[in-house]
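Q: Numbered per my numbering, the sequence shown spans residues 1 to 247.
None of these hints come from the bench; they were simulated from the model.
Positions of the beta carbon are idealized from the N, C-alpha and C atoms, including for glycine.
Hints are not guaranteed to be accurate.
Stated by the list, open to error - The calculated SDA-like cross-link candidates involving lysine to any residue, where the alpha carbons are at most 25 angstroms apart (straight line), are:
no., residue 1, residue 2
1, Lys85, Leu103
2, Lys134, Leu103
3, Lys132, Pro150
4, Lys143, Thr80
5, Lys86, Gln131
6, Lys84, Thr20
7, Lys186, Glu172
8, Lys85, Gln131
9, Lys139, Tyr185
10, Lys86, Thr18
11, Lys86, Tyr185
12, Lys132, Ile194
13, Lys139, Ile194
14, Lys230, Leu219
15, Lys86, Lys186
16, Lys139, Gln152
17, Lys186, Leu35
18, Lys77, Gln131
19, Lys127, Leu100
20, Lys139, Lys77
21, Lys186, Trp78
22, Lys230, Arg99
23, Lys186, Asp228
24, Lys186, Lys230
25, Lys134, Asn190
26, Lys132, Leu219
27, Lys86, Glu104
28, Lys85, Leu100
29, Lys85, Gly16
30, Lys139, Glu172
31, Lys32, Gln203
32, Lys143, Lys77
33, Lys143, Gly156
34, Lys86, Lys127
Claimed, not checked - Here are the in silico distance ranges between beta carbons for each label pair:
no., residue 1, residue 2, range
35, His148, Thr18, 15 to 25 angstroms
36, Ser154, Ser14, 34 to 44 angstroms
37, Asp144, Ala197, 30 to 40 angstroms
38, Lys84, Lys32, 38 to 48 angstroms
39, His148, Leu15, 34 to 44 angstroms
40, Glu29, Glu170, 16 to 26 angstroms
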Amino acid sequence: MAFIEISELSKTYSLGETTTPALNGVDLEINKGELVILYGPSGAGKTTLLNMIGGLDIPTSGTVTVDEIPVSTLSAKWLTAYRKKKIGVVFQFFNLISRLNALENIEYAIDLIGVRQGEGKPSFKSKIIRQKAKEYLEKVGLKDRMHHFPAQLSGGEQQRVSIARALAKEPEILLADEPTGNLDYKIGRNVLEIMEAMTGKAQNRTVIIVTHNPAICPLGDRVVRLSDGKVAENYTQKYTPAKELYW
Numbered sequence: 001m002a003f004i005e006i007s008e009l010s011k012t013y014s015l016g017e018t019t020t021p022a023l024n025g026v027d028l029e030i031n032k033g034e035l036v037i038l039y040g041p042s043g044a045g046k047t048t049l050l051n052m053i054g055g056l057d058i059p060t061s062g063t064v065t066v067d068e069i070p071v072s073t074l075s076a077k078w079l080t081a082y083r084k085k086k087i088g089v090v091f092q093f094f095n096l097i098s099r100l101n102a103l104e105n106i107e108y109a110i111d112l113i114g115v116r117q118g119e120g121k122p123s124f125k126s127k128i129i130r131q132k133a134k135e136y137l138e139k140v141g142l143k144d145r146m147h148h149f150p151a152q153l154s155g156g157e158q159q160r161v162s163i164a165r166a167l168a169k170e171p172e173i174l175l176a177d178e179p180t181g182n183l184d185y186k187i188g189r190n191v192l193e194i195m196e197a198m199t200g201k202a203q204n205r206t207v208i209i210v211t212h213n214p215a216i217c218p219l220g221d222r223v224v225r226l227s228d229g230k231v232a233e234n235y236t237q238k239y240t241p242a243k244e245l246y247w
């Protein structure tokens, strides 16, 4: 049994009498420790599929099973527990908390998964959590920027904080939605190199990256091309789309 199994997955969004199909009968298997690229144009269903795997949305029909957990049928309570235990997310727009500095953003994320130390005082200030947050900021090369607030950081630095925040939870699955979408070539490449170094088979962590950018595709163990809510192609070897690479 694959680590992630998706069967006949469909999702339709409704607004009044208008319905918009986002996924249409997707079948997909992803193995433990695999780095998979979900590639395709805007509107292909990439982010919707990512959200289904992450327990951030529920399907209209079909199933999502992760590590034998029936994610698509979990209650709201168990979905929250699943996301805390299994999932780390890197967003295109960083989604850092503006009133917290880089270190505190990571401390807060660690605290949310239930790491508690001491009573009667804010648990995210504990020494254990602070040390772990510092270690992850050092791993992404931001040791000297840990007390800076998001507005004081460049886009690339904010994304590196976002990566550190996601990985400090030590998730089994890292989901990245257009992680270089707001970055130029050089900075985007640096962010991807950091993600590669901190994820994948060496850490036994499954990584799924959504992108419309063909330049990212060769980084994956596998590329799944989506089109109109369906799996159009599933490449199990290193793949470069037959078009000019861009960022």
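Q: Next step is simple, just say for each hint if it's right about the structure.
A: Against the structure, the hints:
no.: 1; hint: Lys85 x Leu103; result: holds, 21 angstroms
no.: 2; hint: Lys134 x Leu103; result: holds, 7 angstroms
no.: 3; hint: Lys132 x Pro150; result: holds, 20 angstroms
no.: 4; hint: Lys143 x Thr80; result: violated, 31 angstroms
no.: 5; hint: Lys86 x Gln131; result: holds, 22 angstroms
no.: 6; hint: Lys84 x Thr20; result: violated, 30 angstroms
no.: 7; hint: Lys186 x Glu172; result: violated, 28 angstroms
no.: 8; hint: Lys85 x Gln131; result: holds, 20 angstroms
no.: 9; hint: Lys139 x Tyr185; result: holds, 21 angstroms
no.: 10; hint: Lys86 x Thr18; result: violated, 34 angstroms
no.: 11; hint: Lys86 x Tyr185; result: violated, 31 angstroms
no.: 12; hint: Lys132 x Ile194; result: holds, 18 angstroms
no.: 13; hint: Lys139 x Ile194; result: holds, 8 angstroms
no.: 14; hint: Lys230 x Leu219; result: holds, 22 angstroms
no.: 15; hint: Lys86 x Lys186; result: violated, 31 angstroms
no.: 16; hint: Lys139 x Gln152; result: holds, 20 angstroms
no.: 17; hint: Lys186 x Leu35; result: holds, 21 angstroms
no.: 18; hint: Lys77 x Gln131; result: violated, 30 angstroms
no.: 19; hint: Lys127 x Leu100; result: holds, 17 angstroms
no.: 20; hint: Lys139 x Lys77; result: violated, 33 angstroms
no.: 21; hint: Lys186 x Trp78; result: violated, 40 angstroms
no.: 22; hint: Lys230 x Arg99; result: violated, 40 angstroms
no.: 23; hint: Lys186 x Asp228; result: violated, 31 angstroms
no.: 24; hint: Lys186 x Lys230; result: violated, 32 angstroms
no.: 25; hint: Lys134 x Asn190; result: holds, 20 angstroms
no.: 26; hint: Lys132 x Leu219; result: violated, 28 angstroms
no.: 27; hint: Lys86 x Glu104; result: holds, 22 angstroms
no.: 28; hint: Lys85 x Leu100; result: holds, 23 angstroms
no.: 29; hint: Lys85 x Gly16; result: violated, 36 angstroms
no.: 30; hint: Lys139 x Glu172; result: holds, 18 angstroms
no.: 31; hint: Lys32 x Gln203; result: holds, 10 angstroms
no.: 32; hint: Lys143 x Lys77; result: violated, 36 angstroms
no.: 33; hint: Lys143 x Gly156; result: holds, 15 angstroms
no.: 34; hint: Lys86 x Lys127; result: holds, 24 angstroms
no.: 35; hint: His148 x Thr18: 15 to 25 angstroms; result: violated, 44 angstroms
no.: 36; hint: Ser154 x Ser14: 34 to 44 angstroms; result: holds, 40 angstroms
no.: 37; hint: Asp144 x Ala197: 30 to 40 angstroms; result: violated, 19 angstroms
no.: 38; hint: Lys84 x Lys32: 38 to 48 angstroms; result: violated, 19 angstroms
no.: 39; hint: His148 x Leu15: 34 to 44 angstroms; result: holds, 41 angstroms
no.: 40; hint: Glu29 x Glu170: 16 to 26 angstroms; result: holds, 24 angstroms
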